[in-house]
Amino acid sequence: MIQLHQLSKSFGRLEVLRGIDLAFDQPGITAVLGPNGSGKSTLLKSILGMVIPDAGQILFHGKPIDPLGSYRKDISYLPQIARFPENLRVAELIRMIESFRPQESSSAALIRDFGLGPVLQSQLGHLSGGTRQKVNLVLTLMYDTPVIILDEPTAGLDPVALVRLKDRIIQAREAGKILLVTTHIMSLVEELADRVVFLLEGRIYFDGKPGELKQRVAEPTLEKAIANLLSGGHLSPIQLPESAGRVTRKMNGHVVHPQYNP
Amino acid sequence: MIRQLLFLALILLLSGPAATRTLHVGPGQSYSSIRRALDAAGTGDRIIVHAGTYQECPVVIDRSITLSGYGLPILDAQGEREGVIIEADSVTVEGFEIRHTGYSYIEDRAGIRVKRNKAFTIRNNRLILTFFGIYLEHARSGVVENNAILGKPLGEANSGNGIHLWYCSEVDIRNNLIRGHRDGIYFEFATDSRIRNNISEDNLRYGLHFMFSNDDIYTGNTFRENGAGVAVMFSRRIRMLHNLFHLNWGQAAYGLLLKEIYDAEIRENTFQKNTIGIFTEGSNRIHYEDNDFLQNGWAVKVAGGCDQNTFIRNNFIGNSFDFAAIGNMSSNRIEQNFWGDYTGYDLDKDGTGDVPYRPVKLFNYIVDQTPETIILMRSLLVEILNFSEKVSPVLTPADVSDALPRMHRYGR
Amino acid sequence: MLRIIRYSFADLIRSRWLYFYTGFYLVLTGALFLISADLSKVMVSLMNAILFIVPLVALLFGVMVQYYTREFTELLLAQPLPRRSIFLGQYLGIATALAMSFLLGAGIPFILSGIFLSGEIWNFSILLLSGVLLSYIFSALGYLLALMHDNRIRGFGLAIVIWLILAVIYDGLFLLGLAWFSDYPLERVAIGVTLFNPIDLARILILLKLDISALMGYTGAVFNRFLGTSTGMGLALVVLATWAIVPVTLIRTISLKKDF
Numbered sequence: 001m002i003q004l005h006q007l008s009k010s011f012g013r014l015e016v017l018r019g020i021d022l023a024f025d026q027p028g029i030t031a032v033l034g035p036n037g038s039g040k041s042t043l044l045k046s047i048l049g050m051v052i053p054d055a056g057q058i059l060f061h062g063k064p065i066d067p068l069g070s071y072r073k074d075i076s077y078l079p080q081i082a083r084f085p086e087n088l089r090v091a092e093l094i095r096m097i098e099s100f101r102p103q104e105s106s107s108a109a110l111i112r113d114f115g116l117g118p119v120l121q122s123q124l125g126h127l128s129g130g131t132r133q134k135v136n137l138v139l140t141l142m143y144d145t146p147v148i149i150l151d152e153p154t155a156g157l158d159p160v161a162l163v164r165l166k167d168r169i170i171q172a173r174e175a176g177k178i179l180l181v182t183t184h185i186m187s188l189v190e191e192l193a194d195r196v197v198f199l200l201e202g203r204i205y206f207d208g209k210p211g212e213l214k215q216r217v218a219e220p221t222l223e224k225a226i227a228n229l230l231s232g233g234h235l236s237p238i239q240l241p242e243s244a245g246r247v248t249r250k251m252n253g254h255v256v257h258p259q260y261n262p
Numbered sequence: 001m002i003r004q005l006l007f008l009a010l011i012l013l014l015s016g017p018a019a020t021r022t023l024h025v026g027p028g029q030s031y032s033s034i035r036r037a038l039d040a041a042g043t044g045d046r047i048i049v050h051a052g053t054y055q056e057c058p059v060v061i062d063r064s065i066t067l068s069g070y071g072l073p074i075l076d077a078q079g080e081r082e083g084v085i086i087e088a089d090s091v092t093v094e095g096f097e098i099r100h101t102g103y104s105y106i107e108d109r110a111g112i113r114v115k116r117n118k119a120f121t122i123r124n125n126r127l128i129l130t131f132f133g134i135y136l137e138h139a140r141s142g143v144v145e146n147n148a149i150l151g152k153p154l155g156e157a158n159s160g161n162g163i164h165l166w167y168c169s170e171v172d173i174r175n176n177l178i179r180g181h182r183d184g185i186y187f188e189f190a191t192d193s194r195i196r197n198n199i200s201e202d203n204l205r206y207g208l209h210f211m212f213s214n215d216d217i218y219t220g221n222t223f224r225e226n227g228a229g230v231a232v233m234f235s236r237r238i239r240m241l242h243n244l245f246h247l248n249w250g251q252a253a254y255g256l257l258l259k260e261i262y263d264a265e266i267r268e269n270t271f272q273k274n275t276i277g278i279f280t281e282g283s284n285r286i287h288y289e290d291n292d293f294l295q296n297g298w299a300v301k302v303a304g305g306c307d308q309n310t311f312i313r314n315n316f317i318g319n320s321f322d323f324a325a326i327g328n329m330s331s332n333r334i335e336q337n338f339w340g341d342y343t344g345y346d347l348d349k350d351g352t353g354d355v356p357y358r359p360v361k362l363f364n365y366i367v368d369q370t371p372e373t374i375i376l377m378r379s380l381l382v383e384i385l386n387f388s389e390k391v392s393p394v395l396t397p398a399d400v401s402d403a404l405p406r407m408h409r410y411g412r
Numbered sequence: 001m002l003r004i005i006r007y008s009f010a011d012l013i014r015s016r017w018l019y020f021y022t023g024f025y026l027v028l029t030g031a032l033f034l035i036s037a038d039l040s041k042v043m044v045s046l047m048n049a050i051l052f053i054v055p056l057v058a059l060l061f062g063v064m065v066q067y068y069t070r071e072f073t074e075l076l077l078a079q080p081l082p083r084r085s086i087f088l089g090q091y092l093g094i095a096t097a098l099a100m101s102f103l104l105g106a107g108i109p110f111i112l113s114g115i116f117l118s119g120e121i122w123n124f125s126i127l128l129l130s131g132v133l134l135s136y137i138f139s140a141l142g143y144l145l146a147l148m149h150d151n152r153i154r155g156f157g158l159a160i161v162i163w164l165i166l167a168v169i170y171d172g173l174f175l176l177g178l179a180w181f182s183d184y185p186l187e188r189v190a191i192g193v194t195l196f197n198p199i200d201l202a203r204i205l206i207l208l209k210l211d212i213s214a215l216m217g218y219t220g221a222v223f224n225r226f227l228g229t230s231t232g233m234g235l236a237l238v239v240l241a242t243w244a245i246v247p248v249t250l251i252r253t254i255s256l257k258k259d260f
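Protein chains in written order, with this note's numbering: chain V, 1 to 262; chain Y, 1 to 412; chain G, 1 to 260.
The set of hints was computed from the structure by calculation and includes no laboratory data. Beta carbons: idealized from backbone N, C-alpha and C, even for Gly. Honestly, I wouldn't trust all of these hints.
[What the hints assert, rightly or not] When the alpha-carbon atoms are kept at most 27 Å apart in a straight line, the in silico DSSO-like pairs for lysine-lysine are as follows: (1) V:LYS73 - G:LYS257; (2) G:LYS41 - Y:LYS390; (3) G:LYS257 - Y:LYS349; (4) V:LYS63 - G:LYS257.
[Said to hold, decoys possible] Ranges between beta-carbon positions, derived for each pair: (5) G:LEU164 - V:GLY176: 53 to 63 Å; (6) G:ILE165 - Y:PHE387: 13 to 23 Å; (7) G:LEU176 - V:GLN121: 17 to 27 Å; (8) G:ARG16 - Y:THR352: 42 to 52 Å; (9) Y:TYR410 - G:TYR67: 51 to 61 Å; (10) V:SER10 - G:LEU164: 28 to 38 Å; (11) G:ILE35 - Y:GLY220: 27 to 37 Å; (12) G:THR242 - Y:GLY102: 49 to 59 Å; (13) G:THR249 - V:ALA55: 19 to 29 Å; (14) Y:THR310 - G:LEU164: 43 to 53 Å; (15) Y:GLU383 - V:GLN121: 40 to 50 Å; (16) V:GLY176 - G:THR242: 20 to 30 Å; (17) V:ASP25 - G:ILE165: 49 to 59 Å; (18) Y:TYR345 - V:SER99: 52 to 62 Å.
[Said to hold, decoys possible] To give an idea of the interface, some chain G residues facing chain V are shown, with a C-beta separation under 7 Å as derived from the structure: (19) MET1; (20) TYR7; (21) ASP11; (22) SER15; (23) PHE72; (24) GLU74; (25) LEU81; (26) PRO82; (27) ARG154; (28) PHE260.
All chains, please: the whole structure from these sequences, using the hints.
Structure, rendered in structure tokens:
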């Protein structure tokens, strides 16, 4: 379904993605992990065409992605930060996003699930962060698309909403969809992920089942496994770069400030 | 005996009019040409010319008669002669269309010329493409009224004046329409005359032009789209009342141009949308009162040598510049005018602003120095400059100031 | 794209900033009428306000809206929509909302004053047209600035600098230049320099209505041809339109390359 070939991207002098090769062809949930600045979001946004890669190719359904973006009708995307035009009402926003897509939307069921009925006529600027995130989720999940990309979906959610979200994610997996998720909540990964892609400094350091990762570094939990990975250098990048040593040193430099606080 | 003589005189006097005749000219009339009828006519006779085209210009009238057109007969001067020449007192010419005198560089050919006589009446004529329209020389006590004098200006050198007076006095010029000449009406050494309710427009130079003419009055006229509306030069005691000076646009275009005149009165006129409303130079003791200056480029521009003039109770509204002055203005009086741009206050509510108004802005000065800067007019920068100059005047003259500016415009 | 214009417009016309802006013009124009019954004076004061405030507000608004809708823009980018419709749509939404706000605020008092019965209607229309054009031009510039600079302080700072330059400094240098080289024929230069500043252009457009009597007094043939005929007005309008089109084209080009 989605293939990335030698994808590279720099922002100024900062190399964010360095020759990424990845494929998402099998249904299931892939957790894209890595510390802040490791290139997770950039990777996902490249797939959506929001970031334009410097080099490499992205194939969707076997074809290079179209800059006009019509392929995006097959992708649902949950952005990391949920901020909307402050003066639009919730219902208006949902209607607007619906008007951009040809597919059938199941917004009514989602509004019920997340309990948004009472705020439908409120202006978005008046909503709390958690409620906005729920609106964000409705906008993302209301389409039946083969690919779902969720960037930090749990941020600010109350427990009930979190349960609903998990249900939805599991349903989607059962429906044979491809899900890409970034999150800092390792328990969520352990609970749901079929596959883990670990990114660091713009390279893939691990790509496999969560169990394999724990096994490889001999840690009982994913959380520990990641921490271990960041501090030790058990692994080297999967692709062999010409300057692997330099990268490792730089990597070690970052370990001092591990961004993972699960 | 004396009684009898007086009686006889009375009879002669009363029977005089009865003795005059009416002569008809035209196809199928008693006279086939105007000249024949003129030869036959006696003092006080009336010649009626019927419709048709007459090619016998110039028609020279050497006796006191009335020459009337009936059905607008055409006198065609065929491009090389004058139309009508009046050489006797008490002549009336009315109801003709006089055409096509042609242009000349040697003689001032006229549609109708009055030579050295008095008590003439010229009315209800149409003068089409005459070099000069109506030319009065050494004439007095006459009337020129209801004529339309329509020329086609080619250039100042080969255009004449619509109504031209040279050494005349006591002439009434009223209700005429003059268009397309060099000067619409031209006065040189013409005195004690009245110009009323005429329209003078589209003339190359001036709508009305006075040279060395004293004690004249013009009132209720409209001067529109001329090179300059009216020019008064080297004249004294001219009264200018109730006239409209409108749309006299262009380089050096004025509503009213005053040059070396004295003791004039300019009252209740409207100056609207002229490049310069009034331009005055070397003119003294002029009284400007109750005039409206609306939307002119410069409402009043005073060049050097103007003393003891009075500007009082005028409205200055919507002009790009209200006042420009060169030279010493201290002997002139400017007061009680309404200035649209006045921003002062009136705490004692007497209708007069409590701070004097200085109508000359810094930007006036800048534009005088570098004319191209006019393209910056009304920019924020210019407003700032004007404001700072207003706060602490350096370059603008302190003696141009209205100490009693009115808060509200005068209703007229 | 029409849908995006519509929603962006719908969002903005409910913004209190915009209410404030409309209210400002209502109060300003209304007060001008109350203070002075003289229509041409109202016109001149309003003209100063338009040339001064419309560009500043439009610039800041363009910058602000671009920044504060970044995340929402990302949401739109994830939809099956071409980029150019997203960005042009958003821009047109902002510009139209601003222009409407201005039109209502400045227009209502004029309508109430019965201007449509007077001969000033054309002057007034030109005034409104200039305000509308300036709204479109400067909101495009602001939007463009925000697109080019992710650093918000830099974006707002540049907006204010650009405004200062175009509103005052440019004319100051222009005036100095004219005074300095006043021995040379400068007509063409003067007209040329004017064309490069949209505020000056809008001003000239209004001048041609309000001050044509004075402008006709200038003794240069080129000026007269430019200012005295419909050529000037036509040229000014065309260049103003260009001033709107260029930043819009840049918005399009930059938005196609930009990462979010």
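Hints and how they fare:
1. V:LYS73 - G:LYS257: With a Cα-Cα distance of about 21 Å, the restraint between V:LYS73 and G:LYS257 holds, given a limit of 27 Å.
2. G:LYS41 - Y:LYS390: Since the Cα atoms of G:LYS41 and Y:LYS390 sit roughly 19 Å apart, the hinted pair holds (cutoff 27 Å).
3. G:LYS257 - Y:LYS349: Violated - the C-alpha atoms of Y:LYS349 and G:LYS257 are around 66 Å apart, more than 27 Å.
4. V:LYS63 - G:LYS257: 21 Å, holds
5. G:LEU164 - V:GLY176: 53 to 63 Å: Holds - the Cβ-Cβ distance for G:LEU164 and V:GLY176, about 60 Å, lies within 53 to 63 Å.
6. G:ILE165 - Y:PHE387: 13 to 23 Å: 20 Å, holds
7. G:LEU176 - V:GLN121: 17 to 27 Å: 58 Å, violated
8. G:ARG16 - Y:THR352: 42 to 52 Å: Distance hint for G:ARG16, Y:THR352 holds at roughly 44 Å.
9. Y:TYR410 - G:TYR67: 51 to 61 Å: Hint holds: Cβ distance 55 Å, inside 51 to 61 Å.
10. V:SER10 - G:LEU164: 28 to 38 Å: 35 Å, holds
11. G:ILE35 - Y:GLY220: 27 to 37 Å: Holds, at about 35 Å.
12. G:THR242 - Y:GLY102: 49 to 59 Å: The hint (49 to 59 Å, Cβ to Cβ) holds, given that G:THR242 and Y:GLY102 are roughly 53 Å apart.
13. G:THR249 - V:ALA55: 19 to 29 Å: Given about 27 Å between the Cβ atoms, the range holds.
14. Y:THR310 - G:LEU164: 43 to 53 Å: 46 Å, holds
15. Y:GLU383 - V:GLN121: 40 to 50 Å: For Y:GLU383 and V:GLN121 the Cβ distance comes to about 48 Å; the hint holds.
16. V:GLY176 - G:THR242: 20 to 30 Å: 54 Å, violated
17. V:ASP25 - G:ILE165: 49 to 59 Å: 55 Å, holds
18. Y:TYR345 - V:SER99: 52 to 62 Å: This hint holds: roughly 58 Å between Cβ atoms.
19. MET1: Given a least distance of 11 Å, the restraint on G:MET1 is violated.
20. TYR7: 5 Å, holds
21. ASP11: 4 Å, holds
22. SER15: 5 Å, holds
23. PHE72: 5 Å, holds
24. GLU74: 5 Å, holds
25. LEU81: With a minimum Cβ separation of about 6 Å from chain V (threshold 7 Å), the hint on G:LEU81 holds.
26. PRO82: 4 Å, holds
27. ARG154: 15 Å, violated
28. PHE260: 4 Å, holds
This entry does not satisfy hints 3, 7, 16, 19 and 27, going by the numbered hints stated previously.
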